[in-house]
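**Student:** Order-wise, the sequence lines are chains W and X.
Position one of the first sequence corresponds to residue 8 (the working numbering), numbered consecutively onward.
Position one of the second sequence corresponds to residue 14 (the working numbering), numbered consecutively onward.
Warning: the hint list may mix true and false statements.
Dumping the calculated DSSO-like pairs for lysine-lysine here, alpha-carbon to alpha-carbon at most 30 Å [claimed, not checked]:
1) X:15 x W:11
2) W:12 x X:74
3) X:74 x W:126
4) X:74 x W:11
5) X:15 x W:12
6) W:12 x X:42
7) X:42 x W:11
8) X:15 x X:42
9) X:74 x X:42
Chain W regions said to be covered by chain X (calculated; three or more residues, Cβ under 8 Å) [to be verified]:
10) 22-30
11) 53-60
12) 66-74
13) 119-126
Hint data in this document are derived by calculation from the structure and do not stem from the laboratory.
Glycine included, every Cβ here is placed at the ideal spot set by N, Cα and C.
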Amino acid sequence: MTAKKTISVTVNGTVEVRTVEPRLLLSDFLRDTLDLTGTHVGCEHGICGACTIFLDGDSVRSCLTLAVQADGAEIVTVEGLGDADRLNFLQRKFREHHALQCGFCTPGMLISATDLLRKHSELSEAQVREGLSGNLCRCTGYEHIVRAVMAAAEEWDGEWNEATPRECTS
Amino acid sequence: MKPPPVDYAAPAMVEEAVALLAEHDGDAKVLAGGQSLIPMLNFRLLEPSILVDITRIPELKGIRDDGEAMTVGATTRYVELRNSELVRARFPVLGAALPHVAHLAIRNRGTLGGSLSHADPAAELPMMALLLDAELRIAGARGARRIAAEAFFLGPLATDLADDEIVVSVRFPYPADGIGWGFAETARRHGDFALAAAAALIGVSGEHVVTEARIAVMGVDETPLRIAEAERLLIGRRLDSDALADAVRAVREAVTPDADLQASAEYRRHLVGVQVSRALAQAWERAGGDAR
Ligand SMILES: Cc1cc2nc3c(=O)[nH]c(=O)nc-3n(C[C@H](O)[C@H](O)[C@H](O)COP(=O)(O)OP(=O)(O)OC[C@H]3O[C@@H](n4cnc5c(N)ncnc54)[C@H](O)[C@@H]3O)c2cc1C
Ligand code: FES
Ligand code: FES
Numbered sequence: 008m009t010a011k012k013t014i015s016v017t018v019n020g021t022v023e024v025r026t027v028e029p030r031l032l033l034s035d036f037l038r039d040t041l042d043l044t045g046t047h048v049g050c051e052h053g054i055c056g057a058c059t060i061f062l063d064g065d066s067v068r069s070c071l072t073l074a075v076q077a078d079g080a081e082i083v084t085v086e087g088l089g090d091a092d093r094l095n096f097l098q099r100k101f102r103e104h105h106a107l108q109c110g111f112c113t114p115g116m117l118i119s120a121t122d123l124l125r126k127h128s129e130l131s132e133a134q135v136r137e138g139l140s141g142n143l144c145r146c147t148g149y150e151h152i153v154r155a156v157m158a159a160a161e162e163w164d165g166e167w168n169e170a171t172p173r174e175c176t177s
Numbered sequence: 014m015k016p017p018p019v020d021y022a023a024p025a026m027v028e029e030a031v032a033l034l035a036e037h038d039g040d041a042k043v044l045a046g047g048q049s050l051i052p053m054l055n056f057r058l059l060e061p062s063i064l065v066d067i068t069r070i071p072e073l074k075g076i077r078d079d080g081e082a083m084t085v086g087a088t089t090r091y092v093e094l095r096n097s098e099l100v101r102a103r104f105p106v107l108g109a110a111l112p113h114v115a116h117l118a119i120r121n122r123g124t125l126g127g128s129l130s131h132a133d134p135a136a137e138l139p140m141m142a143l144l145l146d147a148e149l150r151i152a153g154a155r156g157a158r159r160i161a162a163e164a165f166f167l168g169p170l171a172t173d174l175a176d177d178e179i180v181v182s183v184r185f186p187y188p189a190d191g192i193g194w195g196f197a198e199t200a201r202r203h204g205d206f207a208l209a210a211a212a213a214l215i216g217v218s219g220e221h222v223v224t225e226a227r228i229a230v231m232g233v234d235e236t237p238l239r240i241a242e243a244e245r246l247l248i249g250r251r252l253d254s255d256a257l258a259d260a261v262r263a264v265r266e267a268v269t270p271d272a273d274l275q276a277s278a279e280y281r282r283h284l285v286g287v288q289v290s291r292a293l294a295q296a297w298e299r300a301g302g303d304a305r
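Please model the entire structure based on the sequences and the hints provided.
**Tutor:** Right under this line is the structure:
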């Protein structure tokens, strides 16, 4: 038996204290322990990008991070971006440009795109394509996703704050 | 696809970390960015009894400039190197290679020390460490030591590190002012591991001949390689098409690529020659050589 660890993480603005096995993946911690099933799990070895979340302000693979490694960290998942009643700016662009079909890749796409938007004052299409190259989509053929992100990058203007994670202060 | 049961410790000091490694005698694993180790745990390729997370050790973080060299703490992440003014100013060749490492989210976690210790034969930073004559500082339960990158990589996923040792930092001496650089990589898709890649540094004299040449390649042998023979034969010459052809021939003779699902050995040998030729031409031009 391995020793469990108690961790404290801030997830979408709420402090969560839990006692977990060290081997628990952060993706499973979010989905199974905290019931935040917006974060999807595809491959569990870093290839598909569906599990991408914000950890202390950077997009990371939650399937390649242990929950214990996130002790003390601030996490934002897709649930922290906006919800059905209040889609954020980028989510609205995804809807307008038909950037999703089945929606499996969408949580990871939104997080990766948000990371790009937050860290670049200007984005070229090449940068968007490169920035999303770690997120696989089996449905859309990517064109509409790229268009949605480009539209968000071009128009962000006054609404910019809404494209940033609500509770992520870092 | 879940990690096996394992204990976890996150020491605050290097001494504690190496003591834990020594105590578990080969059964412990250092955890840095986790971008190679956690996939291996998920696949159950490894079943260590304890993970020693070194990312909470302040001594292992950060990028320092001592006037003669840049020293980078082992847990410095790819993204931090990419954003570093010092890297931009003094090691543009490293800046050019970094975007080819995996994808954004992986570069946000993966570390320099992890990349070198993992020693994937198709990884960018081990090749850069060779190209830039880097020196690794290592701490162990039996004391500290230094080792040149050239002596560190022993084979695919194999290095000179003992079970109770960790990489503490990596020292990159500044190349001479005015040195030119080049980099070329080919991967099936952006962010995939390379089929092959090459990087070069070229110093040029007032008489427009090569005074210094460094050539490193990866993806074409069990470890990244410096191609000393190709470097030697360029010294004192202009980088004309004859010189390029001689260097390419020496590189193709020196490497022993493997075949896999992505490419045949012959294709890789051909490809690395093309890449060396491109990297050298870029470096020559940037150094102010006259390629005509
Ligand atoms: C989808 C995907 C694509 C990738 N593509 C590329 C690519 O194109 N190019 C590339 O170079 N890499 C690629 N990688 C690998 C990535 O770069 C890893 O981050 C890197 O190889 C390991 O660094 P890490 O900090 O994550 O180390 P970890 O995964 O934490 O550790 C890796 C190994 O090194 C050991 N270790 C770590 N730090 C130290 C230390 N300081 N001292 C001693 N031992 C240590 C660990 O015990 C372990 O054995 C990819 C990974 C994924 C998941
Ligand atoms: S589930 Fe994490 S990258 Fe696929
Ligand atoms: S919308 Fe179905 S995988 Fe992207």
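**Student:** Which hint numbers does the structure go against, in order from smallest to largest?
**Tutor:** none
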